[in-house]
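Combine the two chains into a complex, taking the hints into account.
Chains as they are written, first to last, in the working numbering: chain A, 1 to 452; chain B, 1 to 148.
Incorrect hints may appear among the rest.
Said to hold, decoys possible - Heads up, simulated PhoX-like pairs for lysine-lysine below, C-alpha to C-alpha not over 25 Å straight-line:
#: 1; chain 1: A; residue 1: 121; chain 2: A; residue 2: 451
#: 2; chain 1: A; residue 1: 5; chain 2: A; residue 2: 16
#: 3; chain 1: A; residue 1: 5; chain 2: B; residue 2: 84
#: 4; chain 1: A; residue 1: 121; chain 2: A; residue 2: 315
#: 5; chain 1: A; residue 1: 282; chain 2: A; residue 2: 245
#: 6; chain 1: A; residue 1: 316; chain 2: A; residue 2: 244
#: 7; chain 1: A; residue 1: 16; chain 2: B; residue 2: 84
#: 8; chain 1: A; residue 1: 16; chain 2: B; residue 2: 121
#: 9; chain 1: A; residue 1: 316; chain 2: A; residue 2: 230
#: 10; chain 1: B; residue 1: 124; chain 2: A; residue 2: 212
#: 11; chain 1: A; residue 1: 408; chain 2: A; residue 2: 427
#: 12; chain 1: A; residue 1: 396; chain 2: A; residue 2: 315
#: 13; chain 1: A; residue 1: 346; chain 2: A; residue 2: 244
#: 14; chain 1: A; residue 1: 121; chain 2: B; residue 2: 129
#: 15; chain 1: A; residue 1: 5; chain 2: A; residue 2: 346
FYI, nobody ran anything at the bench for these hints, they're computed from the structure.
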Amino acid sequence: MIDSKSIFETNQMIEKEKLDIRTITMGISLLDCISSTQEETREKVYNKVVDSAKDLVETARQIEIEYGVPIINTRISITPVAMLVQNGTVADAVEMAKTLDRAAVTVGVNFIGGFSALVQKGFTVGDRNLIAAIPEALDVTERVCSSVNVGDTRSGINMDAVKWMGEIIQETAKRTADRDGIGCAKLVVFANAVEDNPFMAGAFHGVGEAEKVIHVGISGPGVIKCALEKVKGEPMDEVAQTIKKMAFKITRAGQLVANEAAKRLGVPFGIIDLSLAPTPAKGDSVARILEEIGLEMVGTHGTTMALAMLNDAVKKGGIMASSHVGGLSGAFIPVSEDEGMIAAVKAGAINIEKLEAMTCVCSVGLDMIAVPGDTPATTLAAMIADEAAIGVINHKTTAVRVIPVFGKQVGDEVHFGGLLGSAPIMKVNKFSSADLINRGGRMPAPVHSFKN
Amino acid sequence: MCDRLWTELWRDSGDCYTQGAPKGKAERRNSQVKGQGAEDGIFPRLLARFFVYLREEKDMKAIVTVIGEDQVGIIAEVTATLAKQQVNVLDISQTIMQQFFTMMMMVDVSHAAICFEEVQKELKVVGDKMNVSIQIQNEEIYHAMHRL
Chain A
1 MIDSKSIFET NQMIEKEKLD IRTITMGISL LDCISSTQEE TREKVYNKVV DSAKDLVETA
61 RQIEIEYGVP IINTRISITP VAMLVQNGTV ADAVEMAKTL DRAAVTVGVN FIGGFSALVQ
121 KGFTVGDRNL IAAIPEALDV TERVCSSVNV GDTRSGINMD AVKWMGEIIQ ETAKRTADRD
181 GIGCAKLVVF ANAVEDNPFM AGAFHGVGEA EKVIHVGISG PGVIKCALEK VKGEPMDEVA
241 QTIKKMAFKI TRAGQLVANE AAKRLGVPFG IIDLSLAPTP AKGDSVARIL EEIGLEMVGT
301 HGTTMALAML NDAVKKGGIM ASSHVGGLSG AFIPVSEDEG MIAAVKAGAI NIEKLEAMTC
361 VCSVGLDMIA VPGDTPATTL AAMIADEAAI GVINHKTTAV RVIPVFGKQV GDEVHFGGLL
421 GSAPIMKVNK FSSADLINRG GRMPAPVHSF KN
Chain B
1 MCDRLWTELW RDSGDCYTQG APKGKAERRN SQVKGQGAED GIFPRLLARF FVYLREEKDM
61 KAIVTVIGED QVGIIAEVTA TLAKQQVNVL DISQTIMQQF FTMMMMVDVS HAAICFEEVQ
121 KELKVVGDKM NVSIQIQNEE IYHAMHRL
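Bound conformation, chain B alone (with noise of 0.2 Å):
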């Protein structure tokens, strides 16, 4: 993480984002520093990336699923451990289908303990532990697959 921030931090707040596609973030974010003064010098245009970087940072949910045979403690395994990392649940869903325990979390990464490939490999020892396939995804990945 720090290392992504200290590249965010020394990027050119050039041209570097523009092109075509990236709207959204990059492009809000390029305007917001180059809104605050390009001519500042390096240190306000520093600091100005930075609380971008932060507010952006703040904001990362993913979805949790969880495919296996029922059995007892499921549930109570995969929160407690993603409570030991700071990891929020926000909405949570569960069925049986055709005799597979099936749930779907949605839970905000943003203030994890640990990034979020630890966070990705801890549900991973759970999910062997409980012979149960844990996966862990950005959301963003279902918004953009499957809304316009």
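Excised from the complex, chain A in its bound form (with noise of 0.2 Å):
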């Protein structure tokens, strides 16, 4: 038999630190659903979706009750939707977000995503039509979520589509605003963005996925900043040893599960998501993990190493534990979503500029910000170009997930309620970038070579 301190240790994880499952996602292909008409490929999408996925949410509650792990999320992610409209207009890509909406309902998910256009380079007629739809989408539908890849390592920047998206956020803001701007929150702009992602709002199912597929996302930080609460005043490799430990325990509950799954749902294993992904709830931050390495506040100066060190140690302690690792892999910094983070806008210690340079070293980007709603849609566009650019040089998936909120100013809060927190209103630059991004074009590709 198993010895009883590993059996209380993992018990107590469960029960007094919070780990979870965080997601099990299933990645659907849509390609065979286009047809020669709107309404008849929304037909066979919605009935593909509830077929393929119509045993999920019960296969993950009784997968949650034989094992004792909490499974708080399962979604879906399908095709890019861009290219299911290619022959149609800005209407029925809303008509295909309402379709996918009903399906998410029908079998049950929280979140469907891949309401979504990659356009890196440029755009198809279905990607304008995509990007078009995106304000209404989100404002007619609950469970749909938008992602749009604007720029990566081996194409550049889409600048045109930076510009763009700032006038989306924007206007996805303003349709939203009597519900504190929360389309915003169901709207992800990235660059490098992963074809493997299970979290929520980016996921989409890329074209280069097998037919289905399953992903599991994990998480864990309470567990984290636990056992690093018998490391202090340790040197930093004894920090870095206890986070891997705990990241492979983690990884190999996640493993477990995802096979199980997979094997009961007759899909094939994807990917494990190595994340570390906080809640609003107390003991579940990402943010009290670095103040446990040695921060009084995060945000303060050494934010950024103690983040990318204990970024690295999630991956390297869960890259063993796992037999595929994909996704976004890492630690999320959202600020609404993290009861750390929100303490540490509120006292001041943390801006936007330092959260810029923290997602060069965590696993995404600018997340869950809220924003006054009279910020100019250039500014936003400028935002998600800078944070496109630390991803583009840097080889790594960086994104932008901010939420205009009108009517509200700096230090006002906003509450949207569930897993998406709350959030003080954070102070942006006054300074205009319009000129910059009414240029439009291309930023062309990095070299990849000469590296400073």
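And the structure:
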């Protein structure tokens, strides 16, 4: 029999330290649904999603019961919808979003991701239809998530798309202003987007993926924090070593769940996303891990180093524990979804500029940041451009998920509810970037040599 | 359980498990079924799958943990509940840690009269009655997290 210490450690991790599986996401290819008319395409999409994922929620529940590990979300990612609306109009793209929303409700998943377009080099008709439809689609649906990839390391940055996305974010915020701009919480602008990300709002099922696939996103900031409490004052090597060991254990639990879900659903296993995804609950915060490493408050000098070490150690520990690692893998630093981050913003310890620096070493980017509703679209676009540049030059995924909140100013607070949490409105640089953004065009792909 | 058996049986024995990770049971099952000849037609294939299913279902061990204030009859209550449902106790260890009664049991639930979820519910009733915390989990979770 396994020794009692291990049994109690696992039970303690689950009960007290909030170890959980953040999401089981089923990726579904919808390429075979493309038909000569949009009505027919929509009908096929609905049938395929419902048929493929009908047992997903119940299977996750059974696994949760049997293994005792909470599985927080079940989700679906699909082929980028821009590919399905090539022969349609903007209205067809909105109708497609409604169809996807209905399918998500029918199978009981909380989000369906893939209302997406990949426009790092240019736009097709379908891409234009989709992007133009985003504000209305996110307004009239609840469970549909959208993402747009505007740059990658091999293509550079599509500055026309960057400019447009600034406007789209603003319009989406306006349309959902009565709900504090919630539409923007379901919209991510990426550079170097990955095809197998199980996390929302940026999940989509890339064209290089299999017909159907099961991805699992793990979590567990609380577990890492509690482990680090036992190595107070020890050298940094000891801290990294402790994080690696814990990441290994968490990932093994994720791999077990992923294998089991794949087997029971008869769908191949795809990847484990080794992420530390925080929630607004106390004891489930990435910021608090960084503070445990030795910062008085997250955002102060030294934060970037601590985050870099954390991110790297999580990957090193997790990679050995899983047969396939992918997705965004790393520590997420969303502001509104992390209790420690919210406290740091309120205390004035962290600002957007520091968050931008942190995104150079974390897994994604400027995430769940509320800004004043009167922030110009060109400034929003310039934020996207900065993040995309970090990603494109450094060969990493970066993203922007900002929420302009109309009628609110710096210092006010906005509540999104649930896992999306609440966020203080953050200060944005008041000087204009309009002339830069209005140039449009494309930023050329960077040179891959002469690294300095 | 019947639902699961049904899906297992009717699942296409094609390429549905093979990508990468689910080595072990799933892959073994696939090769076993394929080995018995995918060209033999649907019924032999279903039959083969059925036997593989039975063989796999046989073996499910779980760990029961009980933590709470020590009192007379905790083990008696828990084991009586398990016995009633044909759950066999394979190993048991018990100690008092910081005044708390702590017990671990390895049990075989493969021949349980009711499904795993129901066993869990019945144990919860016992736990509530005796004011102790009782968990039952598939032992694989502990193997996965603590053994290479």
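Here is what the structure says about each hint:
| no. | hint | verdict |
| --- | --- | --- |
| 1 | A:121 - A:451 | 24 Å, holds |
| 2 | A:5 - A:16 | 16 Å, holds |
| 3 | A:5 - B:84 | 29 Å, violated |
| 4 | A:121 - A:315 | 30 Å, violated |
| 5 | A:282 - A:245 | 23 Å, holds |
| 6 | A:316 - A:244 | 6 Å, holds |
| 7 | A:16 - B:84 | 32 Å, violated |
| 8 | A:16 - B:121 | 21 Å, holds |
| 9 | A:316 - A:230 | 20 Å, holds |
| 10 | B:124 - A:212 | 37 Å, violated |
| 11 | A:408 - A:427 | 11 Å, holds |
| 12 | A:396 - A:315 | 14 Å, holds |
| 13 | A:346 - A:244 | 31 Å, violated |
| 14 | A:121 - B:129 | 65 Å, violated |
| 15 | A:5 - A:346 | 40 Å, violated |
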